[in-house]
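Chains as they are written, first to last, in the working numbering: chain A, 1 to 115; chain B, 1 to 114.
Rather than coming from a laboratory, the hints here were simulated on the basis of the structure.
Please note that a few of the clues may not be correct.
DEER-style ranges, computed between Cβ atoms [unchecked claim]: (1) A:GLU75 x B:GLN19: 32 to 42 angstroms; (2) A:THR7 x B:LYS68: 20 to 30 angstroms; (3) B:ARG66 x A:GLU103: 15 to 25 angstroms; (4) B:LYS76 x A:SER80: 41 to 51 angstroms.
Keeping only pairs whose Cα atoms sit at most 35 angstroms apart, straight-line, the calculated DSBU-like set for lysine-lysine is [said to hold, decoys possible]: (5) A:LYS57 x B:LYS106; (6) B:LYS109 x A:LYS57; (7) B:LYS68 x A:LYS9.
Think of the CB as a built atom: it goes at the ideal place given N, C-alpha and C, for glycine as much as any other residue.
What follows is the residue order along each chain.
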Amino acid sequence: DSGVTQTPKHLITATGQRVTLRCSPRSGDLSVYWYQQSLDQGLQFLIQYYNGEERAKGNILERFSAQQFPDLHSELNLSSLELGDSALYFCASSVEWDRQNTEAFFGQGTRLTVV
Amino acid sequence: GQNIDQPTEMTATEGAIVQINCTYQTSGFNGLFWYQQHAGEAPTFLSYNVLDGLEEKGRFSSFLSRSKGYSYLLLKELQMKDSASYLCAVSATYSGAGSYQLTFGKGTKLSVIP
Numbered sequence: 001d002s003g004v005t006q007t008p009k010h011l012i013t014a015t016g017q018r019v020t021l022r023c024s025p026r027s028g029d030l031s032v033y034w035y036q037q038s039l040d041q042g043l044q045f046l047i048q049y050y051n052g053e054e055r056a057k058g059n060i061l062e063r064f065s066a067q068q069f070p071d072l073h074s075e076l077n078l079s080s081l082e083l084g085d086s087a088l089y090f091c092a093s094s095v096e097w098d099r100q101n102t103e104a105f106f107g108q109g110t111r112l113t114v115v
Numbered sequence: 001g002q003n004i005d006q007p008t009e010m011t012a013t014e015g016a017i018v019q020i021n022c023t024y025q026t027s028g029f030n031g032l033f034w035y036q037q038h039a040g041e042a043p044t045f046l047s048y049n050v051l052d053g054l055e056e057k058g059r060f061s062s063f064l065s066r067s068k069g070y071s072y073l074l075l076k077e078l079q080m081k082d083s084a085s086y087l088c089a090v091s092a093t094y095s096g097a098g099s100y101q102l103t104f105g106k107g108t109k110l111s112v113i114p
């Protein structure tokens, strides 16, 4: 158990809908990362937050947004869902964002299926 | 941008040694991670290299050559439970924000056979 909690574990929804994925980082970790993993793709970095502020942005679609709350949990909002958004969405957390060897600890992921 | 290449699949025999290679091209390089991921599960940390050379940790070792943009993960005394995907990930400075971004390769699926 990495200490990172993601809910829900599974989510099935229809095209055009909106969903919210939730992540609670490890106790003491201030940085949260979101990744998308499709069937034949690697982990694609979406976005990073540190202590409530956005720190880095990757290949995140405009239909997707995220935020980190004062209690450090984070939510990833996916809207106008398309079939291609079906993937595993991982959240990871780390203590800091500005150290090169910062190890990221991953949650178990949310499997999103868009039908 | 970053480009990370690793073989898609490999097969090895229980008890043997296997080497998984990773090549990368990136600016602002600040280290290379290896993660293990069993199907449908979260990636778990295996190793980190920032200086050239070999880092050994039990049955697993990781090597880095910064000048060649090359790393490998060496797994010894293979066990059936080592069947998993192995992800090479490069840490690089994210321009403008002062943070380090971790970019993953597509992973190498290792199958260990009896």
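Structure-based check of each hint:
| no. | hint | verdict |
| --- | --- | --- |
| 1 | A:GLU75 x B:GLN19: 32 to 42 angstroms | holds (41 angstroms) |
| 2 | A:THR7 x B:LYS68: 20 to 30 angstroms | violated (43 angstroms) |
| 3 | B:ARG66 x A:GLU103: 15 to 25 angstroms | holds (20 angstroms) |
| 4 | B:LYS76 x A:SER80: 41 to 51 angstroms | holds (49 angstroms) |
| 5 | A:LYS57 x B:LYS106 | holds (19 angstroms) |
| 6 | B:LYS109 x A:LYS57 | holds (28 angstroms) |
| 7 | B:LYS68 x A:LYS9 | violated (40 angstroms) |
The structure is inconsistent with the numbered hints 2, 7, although it conforms to all the rest.
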